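> Assemble chain B onto chain A, guided by the hints.
Number of protein chains: 2
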Amino acid sequence: MNQDIHARYMQRAINLAKKSVEAGGGPFGALIVKDGEVVALGHNRVTLDKDPTAHAEVSVIRKACKKLDTFDLSGCDIYTSCEPCPMCLSAIYWAHIDNIYYGCTKADAKDIGFDDSFIYDQIDLKPEKRSIPTSHILRDQALEAFHLWVAKDDKTEY
Amino acid sequence: MNQDIHARYMQRAINLAKKSVEAGGGPFGALIVKDGEVVALGHNRVTLDKDPTAHAEVSVIRKACKKLDTFDLSGCDIYTSCEPCPMCLSAIYWAHIDNIYYGCTKADAKDIGFDDSFIYDQIDLKPEKRSIPTSHILRDQALEAFHLWVAKDDKTEY
Chain A
1 MNQDIHARYM
11 QRAINLAKKS
21 VEAGGGPFGA
31 LIVKDGEVVA
41 LGHNRVTLDK
51 DPTAHAEVSV
61 IRKACKKLDT
71 FDLSGCDIYT
81 SCEPCPMCLS
91 AIYWAHIDNI
101 YYGCTKADAK
111 DIGFDDSFIY
121 DQIDLKPEKR
131 SIPTSHILRD
141 QALEAFHLWV
151 AKDDKTEY
Chain B
1 MNQDIHARYM
11 QRAINLAKKS
21 VEAGGGPFGA
31 LIVKDGEVVA
41 LGHNRVTLDK
51 DPTAHAEVSV
61 IRKACKKLDT
71 FDLSGCDIYT
81 SCEPCPMCLS
91 AIYWAHIDNI
101 YYGCTKADAK
111 DIGFDDSFIY
121 DQIDLKPEKR
131 SIPTSHILRD
141 QALEAFHLWV
151 AKDDKTEY
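Chains as they are written, first to last, in the numbering used here: chain A, 1 to 158; chain B, 1 to 158.
Any given hint might turn out to be false.
Remember, identical chains collapse to one label, so a pair may be satisfied in a single copy or spanning two.
[To be verified] Below, computed lysine-lysine pairings styled on BS3-like, alpha-carbon distance capped at 27 Å:
no. : residue 1 : residue 2
1   : K63       : K34
2   : K50       : K63
3   : K155      : K110
4   : K50       : K66
5   : K129      : K34
6   : K50       : K67
7   : K110      : K129
8   : K50       : K155
9   : K19       : K152
10  : K155      : K63
11  : K34       : K19
12  : K126      : K110
13  : K66       : K19
14  : K66       : K155
15  : K19       : K110
16  : K110      : K50
17  : K152      : K50
These aren't lab readings, by the way, just hints derived from the structure by calculation.
Keep in mind the model is a prediction, meaning the values are calculated, not measured.
Looking at chain A on its own, in the form it has when it is part of the complex (with noise of 0.2 Å):
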């Protein structure tokens, strides 16, 4: 019982990827749960709307967060159609999503043409390896906003 109503969320997340192949998106969708009830709907929208950061988890995150008006999705599940990237997967974290369930592996993603493994790859390495050019300057003066920071009594942390 409790293993059908995953696979419906999932195969939600599936029809709204095999649904953004046809508006024009990328071959991704997802959505997020709380509760039992459906939050938001999302997909790949890098294209369409020329975000390269609007990937479906990126984009249904957002929309759940201002749905619920909140930077902070604790107690909520995400289902996606395809293992999320690292810049997926880290906004989850950020987002403190609780659970995760996804489609496609990240190795079918690169199957079809997408960077998803090279860019996991890439970020196991010290930056100096990586294949974008990395420069590490000024950091004492970076240090000072880090400063003002941890000086500010009325922050709101996250």
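Okay, now just chain B, sitting in the frame of chain A:
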């Protein structure tokens, strides 16, 4: 001389991080430069916008894409007051940015209470070993969306 230019852009990113703290945001700023021109400025807006994905780098990538009317920031460099978290680093890869310049490190961010290092460690683990419980279901059905994508003749790749 060339080093001076990078230091100047980085100092602007740091100034954005400081202003962000004053404005009630997190202590992070970033800017994107193309052909010697600043394309967009950004800072952390997680709590201001109630959007857990609104880190400085993701925010400035979205703004730059809007300004340049593209999802591909090839030819652009990013200056960020702190080493990108995995979400932002992946967004930089997806946006095809050419060069990254950063100030504080992920260890510095950890020292003032941000989860960047923890998320880097989580990404390294297999899905079933991560702190967020993760389930893999309905792969065969999910692959149908990928098959639609492969079969579509007029798709916009990204």
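> None of the hints should be skipped; say for each whether it holds.
Each hint tested on the structure:
{"no.": "1", "hint": "K63 / K34", "in the structure": "within (13 Å within a copy, 31 Å between copies)"}
{"no.": "2", "hint": "K50 / K63", "in the structure": "both (17 Å within a copy, 11 Å between copies)"}
{"no.": "3", "hint": "K155 / K110", "in the structure": "between (41 Å within a copy, 17 Å between copies)"}
{"no.": "4", "hint": "K50 / K66", "in the structure": "both (21 Å within a copy, 7 Å between copies)"}
{"no.": "5", "hint": "K129 / K34", "in the structure": "between (41 Å within a copy, 23 Å between copies)"}
{"no.": "6", "hint": "K50 / K67", "in the structure": "both (23 Å within a copy, 10 Å between copies)"}
{"no.": "7", "hint": "K110 / K129", "in the structure": "both (22 Å within a copy, 22 Å between copies)"}
{"no.": "8", "hint": "K50 / K155", "in the structure": "between (33 Å within a copy, 14 Å between copies)"}
{"no.": "9", "hint": "K19 / K152", "in the structure": "between (47 Å within a copy, 12 Å between copies)"}
{"no.": "10", "hint": "K155 / K63", "in the structure": "both (25 Å within a copy, 25 Å between copies)"}
{"no.": "11", "hint": "K34 / K19", "in the structure": "within (23 Å within a copy, 35 Å between copies)"}
{"no.": "12", "hint": "K126 / K110", "in the structure": "both (23 Å within a copy, 17 Å between copies)"}
{"no.": "13", "hint": "K66 / K19", "in the structure": "both (23 Å within a copy, 25 Å between copies)"}
{"no.": "14", "hint": "K66 / K155", "in the structure": "within (21 Å within a copy, 30 Å between copies)"}
{"no.": "15", "hint": "K19 / K110", "in the structure": "within (21 Å within a copy, 40 Å between copies)"}
{"no.": "16", "hint": "K110 / K50", "in the structure": "within (22 Å within a copy, 32 Å between copies)"}
{"no.": "17", "hint": "K152 / K50", "in the structure": "between (37 Å within a copy, 20 Å between copies)"}
Of the numbered hints listed earlier, not one is contradicted by the structure.
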